[in-house]
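**Student:** Going line by line, the protein sequences match chains A and B.
Under full-length UniProt numbering, residues 1 to 240 are what the first sequence spells out, in order.
Under full-length UniProt numbering, residues 1 to 633 are what the second sequence spells out, in order.
FYI, nobody ran anything at the bench for these hints, they're computed from the structure.
Any given hint could turn out to be false.
Short derived list, chain B residues pointing at chain A, Cβ under 8 Å [claimed, not checked]:
hint : residue
1    : E2
2    : P16
3    : G20
4    : G31
5    : V33
6    : I35
7    : Y37
8    : E63
9    : L106
10   : R152
11   : T375
12   : D377
Where chain A lies over chain B, by a calculated footprint (3+ residues, C-beta under 8 Å) [stated by the list, open to error]:
hint : region
13   : 164-177
14   : 354-365
Just the calculated beta-carbon pair ranges, DEER-fashion [unchecked claim]:
hint : chain 1 : residue 1 : chain 2 : residue 2 : range
15   : A       : W171      : B       : L87       : 39 to 45 Å
16   : B       : Q91       : A       : A119      : 44 to 50 Å
17   : B       : R485      : A       : G198      : 48 to 54 Å
18   : B       : I43       : A       : A169      : 48 to 54 Å
19   : A       : G198      : B       : L6        : 29 to 35 Å
20   : A       : P93       : B       : D113      : 36 to 42 Å
21   : B       : D113      : A       : Y137      : 39 to 45 Å
22   : B       : Q114      : A       : R63       : 38 to 44 Å
23   : A       : W171      : B       : R625      : 35 to 41 Å
24   : B       : A123      : A       : I240      : 31 to 37 Å
From the three backbone atoms N, C-alpha and C, an ideal C-beta is built for every residue, glycine too.
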Amino acid sequence: MILGKHQRQASPSWADYFARQAEACKTPALKRFYAAGVPAEEGPIGDVPLVALDFETTGMDPREHAIVSIGLVPFDLRVIRPSAGRYWVVKPPRPLTEESIAFHRITHSEVEQAPPIAAILDEVLSELAGRLVVVHYRNIERPFLDAAVMANRGEHCLFPLIDTMALEARWERHGRLRGIKRLLGIQPSSIRLADSRGRYGLPHYSSHHAKVDAMATAELFQAQMARHFGPSTPVSDLWI
Amino acid sequence: MEAEILEIRDHISRHPPFDGLPDDLLDKVAGAVEIAYSKAGTIMAERDRQVQALSYIRSGAVEVYRHNGQLFSRLGEGDIFGQFALLRDGQVRFPVQAIEDTLVYLIPKSVFDQLCAADDDFADFVELSGSRLKSTVEQSLRNNDMIATPVRRLISRLPVMIEESASVQEAARLMTEHDVSSVLLLKPGNDEDSDRMFADAEGRQWLLTGMITDKDLRQRIVAEGASPQTPLARISHGWIITIQSNESVNEAMLTMLRNNIQRLPILHRRRPVGVVYLSDIVRYETNNSLYLVNNIFSRTSVKALARLTPEVRASFVRLVDEGATSRMIGGAMSSVGRSLMRRLVELAEADLGPPPVPYCFMGHGSLARNDQSITTDQDNAMVLHDAFEPKRHDDYFKELARYVSDGLNACGYPYCKGGVMATNDQWRQPLARWKRYFSDWIAKPDPQRLLHSSIFFDLDAIHGETRFVEELQDLIAARAKASPRFLAALARNALGRTPPLGFFRTFVLEQDGRHNNSINLKGRGIAPLNDVIRVHALGVGSRGQNGFERLDEISAAGALPAGQTDKLSYALEFLSIVRMRHQAQAIRDDHEPHNAIQPDRVSDSERHNLKEAFQILSNAQSFLRFRYPSPSR
């Protein structure tokens, strides 16, 4: 434990990074985003304002694919507030493929009438400011948002986040019985959002809508905290 | 509206009390919902804490406790809690604990208040005390016919009136002449201020001053040795309780009960228009079946009786439609069943001649419990005088039993599959033998005897020497109470049929081929509930046969924790009336009525109440185990 603390102090912290970015960034929205800071590393998660974030994209690669919709729902360990959340459909720089339409149920016309990401970035950033982001599967929202900000503002947007999928993997994939299970040929359980939720008795939602998924992620995180951690868990144990 | 709000809205709109809300209010609720997750075991509402929101269970289950830690209710998906705190001072009275991982939608107090103000049904729902089942049962009581019918409907003749200056003897003559047991007293007057003043057809002004009854004549004149010439004014009470003609029958009944009177003058404005008797109301209540019973006794053959079957069914459907309670319907149908049986015995005796020794035909099961419905087997037996000699007399009784049993079968009461019929030699025995049966069953219970006990210990005399059956009832009441071993065995036996609830709140459906995906309300609900009630009734030495009567006695004896008998009585009423309603519907649809219902074909609130009723049964079964433990040897 003590070693771990020293290690973390040795490397630059998220708080340092945010402070430096607040100084360095030229874009006012980014400046404000960074200036809002990050929660204290050793502070209890129960005190931290959170925001569940979900993007729908045309693919998995931020260099090639684009964001189609953004949903976010503010919450904390006590209560989730869907009505205070936001949802945007955005127009990607390249036209939508048929496959992604089928998957997202967002139609051409919806996208055609939507604003480009550049028009809403400031709003998104101000919703995220001062809140710790929670996502399910870390490799979408952060890289896609960073790529979008870089493309439109020429600066980086990086932030700590909590990945409910990674948390789920901690006990579903890396539990003590992992080796034995593999020997016995037991399939590892799915850690996809819907399957993970099922393990906590959470209801089924008709998914693939960014805001529903954000709400679902917030619920999952509350459930994970209730079952495996507690409100006093330090933030640094959870974020990545 | 955004997708996640739609998800919320879809769900709440399917559950009462939200299912009745207009769209704009539903939108408001869904748009204001906040969400919280609690893992199993979490205390979700602590006593004396303030709550700011109504909790709606989206998934999972919770238990609500009383102050003393007793379970108050168990709630599941679509249920709400916190409404009582919100309606009062915002303080939690009954703590709530999650028993499963639970996701709750929180509806802020401001929205809750708006809903209560804007929607009466919503307000009623949340304000009705505690249990939804209770409020449903009470609501159906309120919807009863007696509430809707004005008391003037019961008036059959003009009131008999006399001046109070007349003598007692004149009043007695008038009462005899009109064949009434009461007379209204008047005096001429023009006291405009009195609300007792009225004008008769000729325009004369009168003041209504009182009423004299048979009882007054007996107590105040005959018993006192007073002169028949005593003026009526001298013995008048000088006050009179009346009711307006447009008040309900129910109100009239309550007024009489409240004031402990048997007669109530009915006024139209100030003018007396009639007198209603308590017995009129009783008669009114059972009017339909009384008519049918009269009809039964005028039939002269089994065939003619069998032709009444459609009328029996029609009267059943009518009672259900009129919103009668299961207790009223059960009582009426039982008196029909009883009358049929009596008439069959009369016809048999007319055929076979008088019985060689006195006997009593007794009824068991639903007939004895006065809770007969429309589909019911015959359960009967015969108690013979101890002078009975099988060789000399049994041919007669065997034939009598056969005649009645065949007749009942022809009239729509099929033979008992378990052979509980007087045609069975074993159940056609002298009183002494019956006493031995019952004593043995109580003294040395075994599975077969327990089964017999649960059938035969609901018993009532139908025809013949009632005292035989009374002696048997006395024996059961005295012996069973004093036999902990028997009660324990009977209690264990009463746990055999469990309510169709799975691990919390899910219905376990039957897959028996005939009624797939259904619940047998009788087999899995009403019958086991009666089993539970019977054990308690025997435990307190009750001679009552009817489930509700037994519960009253159990309650009076303090055998169950406070409130438990009420709950059982609500559950019994609800399960019974749902079964009857479904049977009535089947008859209307020209289907054969049965005891199965399909939960996915009933409304959400009915399904909910069913679950609550089954839960009460389940809890009662658990309690039975502790209440009557097996005595250590």
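**Student:** Taking the hints in turn, state whether each one holds.
**Tutor:** These are the hints, each one checked on the structure:
Below 8 Å, beta-carbon pairs count as interface contacts, and E2(B) has one with chain A at about 6 Å; its hint therefore holds. Checking P16(B) against chain A: minimum C-beta separation of about 19 Å lies over 8 Å; hint violated. Hint status for G20(B) relative to chain A: violated, with the closest Cβ pair at about 23 Å, above 8 Å. With 8 Å as the threshold, the beta carbon of G31(B) comes within range of chain A, its nearest partner Cβ sitting at about 5 Å, so the hint holds.
Taking 8 Å as the C-beta cut-off, the interface hint given for V33(B) holds, the closest approach to chain A being about 7 Å. Here the hint on I35(B) is kept, as its CB sits about 4 Å from the closest CB of chain A, short of 8 Å. Taking 8 Å as the C-beta contact cut-off toward chain A, the hint placing Y37(B) at the interface holds, the least distance being around 4 Å. Interface restraint check: E63(B) against chain A, minimum CB-CB distance 16 Å, threshold 8 Å, status violated.
Proximity of L106(B) to chain A holds as hinted, the smallest CB-CB distance being about 7 Å (cut-off 8 Å). Restraint check, R152(B) versus chain A: the minimum CB separation of about 56 Å is more than 8 Å; hint violated. Look at T375(B): its Cβ only gets to about 40 Å from chain A, farther than 8 Å, so that hint breaks. Checking D377(B) against chain A: minimum C-beta separation of about 44 Å lies over 8 Å; hint violated.
For the region 164-177 of chain B, the proposed coverage by chain A is not satisfied: 0 residues have a C-beta within less than 8 Å of a C-beta in that chain, short of the threshold of three. Counting residues of the region 354-365 of chain B whose C-beta sits closer than 8 Å to any C-beta of chain A gives 0, which falls short of three, so the coverage hint is violated. Separation of W171(A) from L87(B) is about 42 Å and conforms to the stated range, judged on CB atoms against 39 to 45 Å. In this structure, Q91(B) and A119(A) meet the distance hint of 44 to 50 Å, their C-beta atoms being roughly 49 Å apart.
In this structure the hint that R485(B) and G198(A) lie 48 to 54 Å apart at CB holds, the actual value being about 49 Å. Between I43(B) and A169(A) the Cβ separation comes to about 31 Å, which falls outside the hinted range of 48 to 54 Å. The supplied range of 29 to 35 Å is broken by G198(A) and L6(B), whose beta-carbon atoms lie about 21 Å from each other. In this structure, P93(A) and D113(B) break the distance hint of 36 to 42 Å, their C-beta atoms being roughly 49 Å apart.
Restraint check, D113(B) to Y137(A): a C-beta distance of roughly 41 Å satisfies the suggested window 39 to 45 Å. The hint said 38 to 44 Å for the Cβ distance between Q114(B) and R63(A), and at roughly 50 Å that hint is violated. For the hinted restraint 35 to 41 Å between W171(A) and R625(B), the CB-CB distance of approximately 39 Å keeps it satisfied. Range check, A123(B) to I240(A): about 50 Å between beta-carbon atoms, so the 31 to 37 Å window is missed.
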